[in-house]
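Novice: Given chain A's structure and the hints, the job is docking chain B onto it.
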Amino acid sequence: MNIVFLLFCAVLVVLGGIAFTLSRAKAARVRATGTTMHAQPDQYAWFAVLVTAGPALLVSALGAFVLLLMGADIPTFYLLAASLVIALIGLVMGLNQVRSDFHARRAIEGVIRKLLAAAAMISILTTLGILLSIISEALRFFQMHSFWDFVTGTTWNPGASFLSAAGRGDEGGSAAQFGSIPLFAGTFMITLIAMLVAIPFGLGAAIYMVEFAPLRIRKAAKPVIEVLAGIPTVVYGVFAALTVAPLVVDIAGLFGLDASYSNALAPGLVMGIMIIPFISSLSDDVINSVPNSLREGALALGITKAEMVRNVVVPAAAPGIISASLLAVSRALGETMIVVMAAGMRPNLTANPLEDMTTVTVSIVAALTGDQEFESAQTLSAFALGLVLFIVTLTLNVVSVFMIRRFREKYRVNNL
Amino acid sequence: MSQSFEEISAQLKKRHRRSARMKWMTMGALILSAAFLVVFISDMVVRGWPAFQQAQIQVEVSYDEQSQKLPLAAVDEDVRPLISRGFFRPLPRKMENNPALMGTTQTQWVIADSRVDQYLKGNEDRLRPADKETLQALVEEGRAELKFNTTFFTTGDSKMPELAGIASAAIGTVMTMLVTMAVCFPIGVMTAVYLEEFAPDNKLTQLIEININNLAAVPSILFGLLGLAIYISFFGVPRSSPLVGGLTLALMTLPVIIISTRAALRSVPDSIRHAAFGVGCSRWQVVRDHVLPVSLPGILTGSIIGLAQAMGETAPLIIVGMVAFIPDASISITNASTVMPAQIFTWASEPNSAFAEKTAGGILVLLAVLIFLNALAVWLRNKFERRW
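So the sequence lines, in the order shown, correspond to chains A and B.
Mapping to the numbering used here: the first sequence position 347 is 347, numbers consecutive.
Mapping to the numbering used here: the second sequence position 107 is 107, numbers consecutive.
Pulled out of the complex, with its shape left as it was, chain A reads as follows (with noise of 0.2 Å):
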């Protein structure tokens, strides 16, 4: 298998190799001539090197797409065999095309358009896989268990889907329950105890670097917080889990509480810190780009710097800042290492940051990282999660690039 696909390489670059020789040489005996041709004649051999490889190579992925795809059962040799003798075609065609009237060049240049055409597609693809590869599955998981339940159950218990899955669902035993709110609960205040962190951070250094600081220091604070930005999550979960939840425990108990060692502060705190970075650089651009009038006009009045800042700048920046914090709270959501590392694998509906929760992401990896089969209720519960996960961060997504848009019309700033 491996000798014939380099061999049809090579013989394609070989026939690559002659259409290039053969047609260059007959466009410049065609100029030589001093027939005024509408291309050089590298641009001809160019042209004819593209017909020969290029439907070529397009029949035989074609062919292997279909082969491995539909499973149909055409043979290796005989497909690689077919897209020879269309490169042969195409070598005779791309010569039969040197002639004084044809552009190559602009042949070329609508190629290779469509070339590029085609790479900016891959980005749609993209965003069709993960919404069909989410919903069918989804779909398939909703058929098993009611979407009411899911929705509104306040029970996550997935584990005894297995016994289902075998075909032994009525043998005794709890059955399996997939009921979201506990993941919910748990993702929700997670995600709200990183924002407690990341937002009065974040935006506070933004404000100090934009408003106060000397230029010294803004210099030597940007590199600092794109390190930051930088460091992996598995790193912030080890951080989280070794350090900072046995220090919550700690705390917890000198102030006589009961805290768990996976509780869900831990893990919202250092979310948090991860954030800070993401929120600062976002608010530091916005709060850059509030025109200078609007703070010297302030100032002209005789209003302090903090009343400027406070009741000029901050106001004007808020789109951009709100917009901000909703990116954010949608990383947050969707963040995964810190929670599978530091909370808790126990699905709990509680109010108290000490217990353990879990959340969406968490289940997901649970899910998918069992032994189970993957047709089974419990694999299929992670995509229906990722599909609530999808929806809530697209739409904040979309929001945020709303808020923003509208910032930027205000103020006419071009570069955010």
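Simulated from the structure, these hints should not be mistaken for lab results.
Glycine included, every Cβ here is placed at the ideal spot set by N, Cα and C.
Among these hints, one or two may not hold up.
Mimicking BS3-like on lysine-lysine, the simulated pairs with C-alpha atoms at most 25 Å apart in a straight line are [stated by the list, open to error]: (1) Lys219/A / Lys383/B; (2) Lys13/B / Lys305/A; (3) Lys305/A / Lys159/B; (4) Lys94/B / Lys159/B; (5) Lys114/A / Lys13/B; (6) Lys305/A / Lys23/B; (7) Lys222/A / Lys383/B; (8) Lys23/B / Lys222/A; (9) Lys219/A / Lys23/B.
Here are the simulated distance ranges between beta carbons [said to hold, decoys possible]: (10) Asp250/A / Gly142/B: 37 to 45 Å; (11) Gly142/B / Phe255/A: 22 to 30 Å; (12) Ala35/B / Leu125/A: 19 to 27 Å; (13) Arg310/A / Gly122/B: 31 to 39 Å; (14) Cys9/A / Glu60/B: 52 to 60 Å; (15) Ala20/B / Val398/A: 35 to 43 Å; (16) Ile391/A / Ala35/B: 50 to 58 Å; (17) Val38/B / Val398/A: 48 to 56 Å.
Specialist: What follows is chain B alone, placed relative to chain A:
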């Protein structure tokens, strides 16, 4: 309305105090954020530094018939429990491969058991009293000491902490990143070139733009779900392989590269394009010969930052199964493999406390690589950035 001068100046003082308070408070926010970075890094260094050291013991190893059959017999009975089981296991094969060893006795430094290692580092005390005495005697003779831990950088994962290393995860990371960059660098740059230089301003283009911005904000774990459902279940790409991990990360990194490449292309002034058009270049010739070379440093900077981001990502890789136990690295993109962040995750969930220092040691290695990459990106930007 009438306020006396004293009242007004007292009020003014209060207002200025309030202003100063705001300055200090916002400054405090910045300082606390920076202080956190210091606390965090020092915490990791203190935890991870011991991982770069490894207890070794000098013993006399006798290579004979008996140790061929029973490797444990190769060393004295009293030091036997102090030595890593990982030393004994390959002994018979070593003798088979090297017959000249047969019948000789050699004095050599061998890796100690992880309990010895932890004891010498002053962490825990799980050695038996008799073993502890033997160890003390060895330490006094200078025959047991902490040396630089080369094992950590040359082996893969192991259930024995003294033999666990980061090498196979590092190779897995390299293979995965090769796949990621091979896929997302060309596609990302091509997309950006299309959107900036070729695309007509129509609904489809706007849709692509909105879509890219949204993709950049989609939680990374959802890319894992995509990888699982599309690549593994649908296309049958082997699970846990760098191929599926790299393809998943490529989709996640794509928006980063597109956005930074577009910014780099946009910063090229139009006068360059106009001049090139003016001498008769076609659009593609303008892009290939003028715009791309000028914006290359910006594109590379953005790609390196995207690469660093992908290198630290764990969540989608867990979903596609790249948290496998990999003792031996294989340089292949279809074999099961693990990556550095996933290795850190695996070690962090090991109950044996000797793995805690491995975790932090792995983090230090990963952070060093990431900081190097980011510094490289900043250096590139500063060296080649042109202001127009």
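Novice: Evaluate each hint against the coordinates.
Specialist: Right, here's what the structure says about each hint:
1. Simply put, Lys219/A and Lys383/B have alpha-carbon atoms about 17 Å apart, close enough for the 25 Å limit, and the pair holds.
2. Only pairs whose Cα atoms come within 25 Å are accepted, and Lys13/B paired with Lys305/A is accepted, the gap being roughly 13 Å.
3. Using a Cα cut-off of 25 Å, the hinted pair Lys305/A and Lys159/B is violated, with the two alpha carbons roughly 61 Å apart.
4. Between Lys94/B and Lys159/B the CA atoms are separated by roughly 22 Å; this keeps the pair inside 25 Å, and the hint holds.
5. Restraint check for Lys114/A and Lys13/B: the C-alpha separation of about 68 Å exceeds 25 Å, so the hint is violated.
6. Between the alpha carbons of Lys305/A and Lys23/B the distance comes to roughly 9 Å, so the proposed pair stays at or under 25 Å and holds.
7. Using a Cα cut-off of 25 Å, the hinted pair Lys222/A and Lys383/B holds, with the two alpha carbons roughly 19 Å apart.
8. Among the hinted pairs, Lys23/B with Lys222/A is consistent with the structure: their alpha-carbon atoms are about 18 Å apart, no more than 25 Å.
9. Pair hint Lys219/A plus Lys23/B holds up; C-alpha atoms about 18 Å apart against a cutoff of 25 Å.
10. At roughly 40 Å, the beta-carbon separation of Asp250/A and Gly142/B lies within the given 37 to 45 Å, and the hint holds.
11. A C-beta distance of roughly 50 Å is found between Gly142/B and Phe255/A, which places it outside the suggested range of 22 to 30 Å.
12. For Ala35/B and Leu125/A, the hinted distance range of 19 to 27 Å is not satisfied, since their beta carbons lie about 45 Å from each other.
13. Checked against the given bound of 31 to 39 Å, the beta carbons of Arg310/A and Gly122/B, roughly 53 Å apart, lie outside it.
14. Between Cys9/A and Glu60/B the beta carbon distance is about 58 Å. The supplied range of 52 to 60 Å therefore holds.
15. In this structure, Ala20/B and Val398/A meet the distance hint of 35 to 43 Å, their C-beta atoms being roughly 41 Å apart.
16. For Ile391/A and Ala35/B, the Cβ-Cβ distance of about 38 Å falls outside the hinted range of 50 to 58 Å, so the restraint is violated.
17. Checked against the hint of 48 to 56 Å, the pair Val38/B and Val398/A fails, with Cβ atoms roughly 38 Å apart.
Hints 3, 5, 11, 12, 13, 16 and 17 from the list above are not met by this structure, while the remaining hints are.
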